[in-house]
Amino acid sequence: DTAVSQTPKYLVTQMGNDKSIKCEQNLGHDTMYWYKQDSKKFLKIMFSYNNKELIINETVPNRFSPKSPDKAHLNLHINSLELGDSAVYFCASSPGLANPAFSYEQYFGPGTRLTVT
Amino acid sequence: AQSVAQPEDQVNVAEGNPLTVKCTYSVSGNPYLFWYVQYPNRGLQFLLKYITGDNLVKGSYGFEAEFNKSQTSFHLKKPSALVSDSALYFCAVSDLYSSASKIIFGSGTRLSIRP
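Chains Z and C supply the protein sequences, listed in that same order.
The opening residue of the first sequence carries number 1 in our numbering; numbering runs sequentially from there.
The opening residue of the second sequence carries number 1 in our numbering; numbering runs sequentially from there.
Be aware that one or more of the hints could be misleading.
To be verified - Restraint ranges, calculated between C-beta atoms of paired labels, are given here:
#1 C/K102 with Z/D70: 19 to 25 Å
#2 Z/G84 with C/S112: 26 to 32 Å
#3 Z/T13 with C/T52: 42 to 48 Å
#4 C/S80 with Z/A3: 27 to 33 Å
#5 Z/D18 with C/E64: 45 to 51 Å
#6 Z/T2 with C/S84: 19 to 25 Å
Note that these hints are calculated values from the structure, not bench results.
Even for Gly, the Cβ is constructed at its ideal location relative to N, Cα and C.
Work out the full structure, taking the sequences as your base and the hints as a guide.
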């Protein structure tokens, strides 16, 4: 029944490692997002895909690489993890671009708390 | 470029009293405005939106928000607060000219309702 799911929920790893976070939505939405929420709860968009195509790519280190194998999945791979990458990462989805009135309603996953030591 | 400001980091209200969480925005064209709520250790949940039409919009859990174009504000309100309303609230904005459903979130306001 979960609309937007993320795995893992918690991720503790050491500096320099490479890790991935997975996201899946069963809402039939066309657009998916990755957000980073820092320790002060500030929420910043990182990437967005629409029907597997990258459409938003904010100023994010190229150690972060999103991949969308199909429109229901958007994964985030992070290379060479750094201490500053510690945050909560949220995946979200929205209906898509066809109707702007609804495309902006975003449905968020539960988050992945990444701790880099 | 669009932006949104939430001037209060924290709002404290007694249960049963009315509450207001403030938000002001800046966009190039007509704004699309949103409120989201985040409970502890959870993702954000959509509360309500203003796209066009009536300036007063009603949303989930008894919340409403008033769009004021002259003051570029979109304050969140509830007539009678509940302890269970305690959470982090985010205002968000976009406009017709933004690419790809991109919305910008405010810094968040922590709402604390005391019994």
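Against the structure, the hints come out as follows:
no., hint, result
1, C/K102 with Z/D70: 19 to 25 Å, "holds (22 Å)"
2, Z/G84 with C/S112: 26 to 32 Å, "holds (30 Å)"
3, Z/T13 with C/T52: 42 to 48 Å, "holds (46 Å)"
4, C/S80 with Z/A3: 27 to 33 Å, "holds (30 Å)"
5, Z/D18 with C/E64: 45 to 51 Å, "holds (46 Å)"
6, Z/T2 with C/S84: 19 to 25 Å, "holds (22 Å)"
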